[in-house]
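Let the sequences and hints guide you as you build the complete structure.
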Amino acid sequence: MGTIFRIDSIELLTDEIWFVKLILNEEEDKNSSDLINHFKKEINQTEHHLMTLGKFLYLMGDLDKAEKYYRLFLDQILSSKLLFDNTYHHNEMIAMLFNDLALVYNARGNFELALKNYQHAFDIYLSLEPMNPISNTAIYSNIGNVLIELGDYQKAFKMYNTALELRLLYSSIIQDEPGLAQIYNNIAVCYNQNGQYNRSTENFEKSINIKLKYLPSNHPSLGITYSNLSDLYRANGDYEMALKYCQQALDIHLLVLPKDHIDLATTYNAMANIYIDSGNSIKAKENYEKALEIILNQMLPPHQLLNTIYNNIANIYMNECHYELAIKYYKLALDKIDSSNLTNHAVIYNNLGEIYRKIGNYTEALINHKKALDIRMTLYPSLDHIDLAQSYHNVGTVFCDNGQYDTALDCFKSALDIKEKILNPNHSSIAKTYINMAEIYRKQWNYIESLKYNEKALQMEKQQSPLNNSDLATIYNNIGLTYLDENNFILAMENFQQSLDLKLKSSDSNDLSLSMTYINIATVYSEKSDYTSALAYLQRALNIKLQHLPPNHLKFGFLYNNIGAIYLKAQNFIDACESFKHALGIYLQNPLSNTSEIATIFSNIGALYQLNGEYKLAKENYENSLLYDLKSLPEDHPSIIQTKQQISLIDTLL
1 MGTIFRIDSI ELLTDEIWFV KLILNEEEDK NSSDLINHFK KEINQTEHHL
51 MTLGKFLYLM GDLDKAEKYY RLFLDQILSS KLLFDNTYHH NEMIAMLFND
101 LALVYNARGN FELALKNYQH AFDIYLSLEP MNPISNTAIY SNIGNVLIEL
151 GDYQKAFKMY NTALELRLLY SSIIQDEPGL AQIYNNIAVC YNQNGQYNRS
201 TENFEKSINI KLKYLPSNHP SLGITYSNLS DLYRANGDYE MALKYCQQAL
251 DIHLLVLPKD HIDLATTYNA MANIYIDSGN SIKAKENYEK ALEIILNQML
301 PPHQLLNTIY NNIANIYMNE CHYELAIKYY KLALDKIDSS NLTNHAVIYN
351 NLGEIYRKIG NYTEALINHK KALDIRMTLY PSLDHIDLAQ SYHNVGTVFC
401 DNGQYDTALD CFKSALDIKE KILNPNHSSI AKTYINMAEI YRKQWNYIES
451 LKYNEKALQM EKQQSPLNNS DLATIYNNIG LTYLDENNFI LAMENFQQSL
501 DLKLKSSDSN DLSLSMTYIN IATVYSEKSD YTSALAYLQR ALNIKLQHLP
551 PNHLKFGFLY NNIGAIYLKA QNFIDACESF KHALGIYLQN PLSNTSEIAT
601 IFSNIGALYQ LNGEYKLAKE NYENSLLYDL KSLPEDHPSI IQTKQQISLI
651 DTLL
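Residue 607 in UniProt numbering sits at position 607 of the sequence shown, with consecutive numbering throughout.
Derived from the structure by calculation, the hints contain no laboratory data. Be careful, since some hints might not be right.
[Said to hold, decoys possible] Mimicking SDA-like on lysine to any residue, the simulated pairs with C-alpha atoms at most 20 Å apart in a straight line are: (1) Lys285 / Ile316; (2) Lys55 / Leu74; (3) Lys358 / Leu630; (4) Lys545 / Ser281.
These numbers come from a predicted model, not from an experiment.
This is the structure in structure tokens:
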């Protein structure tokens, strides 16, 4: 292998002379010899010799230098100052430059500019006689890549299929097996997004088999397929396999890419996402920080991945109930988004809506979710995109929290209409909408419809392969809540136990998600007046939370309130009062606490004093409850109506 240099800078000295500054690499990486030889062969086959430098710059992640080189080259051609050999004629060279510029813009996250340049290249290729099947196949596939980034999987799928048809039709001319492998990889990504996991797996296998046959084992293209396979297993809830393939992708990237290459940041971000889904927020933060360090050290304009990582870090803080930090990072993400990137604007508004909903600020929640919905309706006027369905779902959830159940149900039905139009009939996302509709019917005391939709969701989830124990556990939990509302304690306990068993299969005995199931089981025992068993299960929930969360965490406020409610039913007023005040202290210390939850605690304290015959203190706490509920709920909300009735009753006793 020859001497290795690193490209430091490029500038145009005169109309005909370019100055490229190279720095000698002191250590030759022997593991890279096969890969470099492959790149030499690949680029010589596909690129004009004058474009080789730009291609290497692009492959090594020097996007700014690659763009500068291609731009200067294009200007030279358009001004007719560059002489051509007989290999490429004028228009085809221009098309190649537009295509390569689009690759740079796509890698940088400027998708509109990427599409614009691909369209320029595409128009030129279509005008050429005879038609060049190699170039046309590549351009269809490349446009599909941008559409994937924009979330338009249906159009991307059409582009990839057109590329595949051309590739197979002209197989005697197009001797590019790795290119075919990448098309199969991209088709697999589309199937994965549509929930067609078996077809996705089939195409990934075709892709990997071809790549392993024709490419070096450390080729970045293999890293891409390993990364996409990781996404597939993550979507299926198989986090062990997801981490395995993500690590394989990372190993390749660490071996062949510069330490500040954007693909490394992308892989660290993907690995962090898997850790988030598997409940390991510590490992997730570590990987987000690695990704963030790479991007912040770039000398380029902020990469679109930067706002994604800020958004993901904010998600961690939101899940940990560190709401102020979450809002801070969401706003950082919003500041870093290119104004033309409406897709990511919608994502951040959506997440801000979620955090305001969690803290009970339903006005701000609705404002942000409607912003996301409006953007997505502009982006997808044909009403056929999964993100639009998500926005309808989120707006519906806020209306549900606000007690506006009919409006919420309309939103969920709009989400369902979109999902049924574009997704596989048994897609788990459709099941999730059934779960939400079931919850609305439960809150409207329509238990027959609630059980009907939960059962539909349950049957759909049972058809998934592999089974997602987490989703099944959620459905059994919700069925249990419906039976609990009907005072059918036997069936309620049976379903809560099934939920618990499924969670224990997919997580360890101290997993944080188990605490909510223990709380629900405690509620059944409480309703059966078995307060000792109820308190025992609440203690299990408390022990789990103490292992994962700081003692002033908002989730402790919720739990101590539940413990207080059990003591109250057992007429142990001293311990009940202590638990309620402990819960209240936690909520009042946090400026972003959910006002409705504070209202619930004041109401419980009011009930305690009422049972103890201390009507003045009871009225004082009921009034505090009403005050906090009115901060976030409409006056006709059932909770407010009930509190007003209690105050009126107390007035008759004073």
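A quick look at each hint next to the structure:
A C-alpha spacing of about 8 Å is found between Lys285 and Ile316, which places the hinted pair at or below 20 Å, so the restraint holds. Under the criterion of a C-alpha separation no larger than 20 Å, the hint pairing Lys55 with Leu74 is consistent with the structure, at around 14 Å. Of the supplied pair hints, the one linking Lys358 and Leu630 holds, its CA atoms being roughly 16 Å apart against a limit of 20 Å. Restraint check for Lys545 and Ser281: the C-alpha separation of about 15 Å stays at or below 20 Å, so the hint holds.
The earlier numbered hints are all upheld by this structure, with none contradicted.
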